[in-house]
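Q: Build the full structure now, drawing on both the sequences and the hints.
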Amino acid sequence: MKESANPAAACPSRRVVFFGDSRADWWRLPELPGRHCVNAGVPGATATYLAQRFQAMVAPLHPDIVVVQMGVNDLVDLTGRAPDRERRVIAVRAAIASVVADARALGARVILTTVFPLARGPYAGRAVQEAITAVNQGLSSLAAQDVQLLDSAAVLCGPDGYVRDAYAEDEVHLSAAGYAALNAALAPLVRVGEDERR
Numbered sequence: 002m003k004e005s006a007n008p009a010a011a012c013p014s015r016r017v018v019f020f021g022d023s024r025a026d027w028w029r030l031p032e033l034p035g036r037h038c039v040n041a042g043v044p045g046a047t048a049t050y051l052a053q054r055f056q057a058m059v060a061p062l063h064p065d066i067v068v069v070q071m072g073v074n075d076l077v078d079l080t081g082r083a084p085d086r087e088r089r090v091i092a093v094r095a096a097i098a099s100v101v102a103d104a105r106a107l108g109a110r111v112i113l114t115t116v117f118p119l120a121r122g123p124y125a126g127r128a129v130q131e132a133i134t135a136v137n138q139g140l141s142s143l144a145a146q147d148v149q150l151l152d153s154a155a156v157l158c159g160p161d162g163y164v165r166d167a168y169a170e171d172e173v174h175l176s177a178a179g180y181a182a183l184n185a186a187l188a189p190l191v192r193v194g195e196d197e198r199r
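For the sequence shown, our numbering assigns the number 2 to the initial residue and increments by one for each residue that follows.
Just so you know, these hints were derived from the structure itself, not from any lab.
No residue lacks a Cβ here, since even glycine has one placed at the ideal position from N, Cα and C.
Hints are all accurate, no fakes.
Okay, the calculated beta carbon distance ranges per label pair:
1. Ala167 <-> Pro61: 33 to 41 Å
2. Ala102 <-> Ala186: 20 to 28 Å
3. Pro189 <-> Ala102: 23 to 31 Å
4. Arg121 <-> Pro61: 36 to 44 Å
5. Gln146 <-> Asp78: 31 to 39 Å
6. Arg88 <-> Pro44: 23 to 31 Å
7. Ala57 <-> Ser142: 20 to 28 Å
8. Arg16 <-> Pro84: 38 to 46 Å
9. Asp161 <-> Gly108: 39 to 47 Å
A: This is how it looks when you write it as structure tokens:
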């Protein structure tokens with residue numbers, strides 16, 4: 002489990018847990034004043050598996066904020082068969098909703114990042130991009146006072162809807178520059194509501 006350095010470790014800090022698949026595991030943890038970031042990503046994990054493991058993996062970390070990024074492993078091998086695509090989209094949405102509910106039950110705020118789209122390449126099939134878009138369109142219903150949605154496509158993608166080359170390590174994973182862009186968008190969301198809690 003990776004953790005960010007905290008120069009003010011002697012002072013109380015809020016714990017931000019990044020939870021999800023390899024895209025969460027690869028996340029370059031930001032340095033945020035008064036926050037201690039912990040990475041609880043699981044490479045190769047499906048959203049269904051992560052939903053089942055949330056209590057065991059995240060609850061013991063006592064998060065104040067949970068940043069969620071998951072779902073691509075359930076979709077990345079899709080072909081053009083519409084019934085299979087719809088079934089998987091529904092399953093991913095349900096798993097993400099379960100994680101959000103469990104995090105809220107712990108008293109944590111949630112920053113729900115939409116499933117990162119793919120970058121262009123031989124595996125970036127149209128069926129997969131369409132399924133990612135379909136999952137993401139359903140996530141807005143989870144937004145609440147303590148659940149904020151971070152639209153990853155708005156940060157990472159070009160006009161064609163694919164992750165920009167500068168932000169891509171490969172078709173599925175982001176480069177350091179991609180995570181830096183996400184962290185810039187994430188920082189103000191982490192601070193939301195903190196004044197009222199002091």
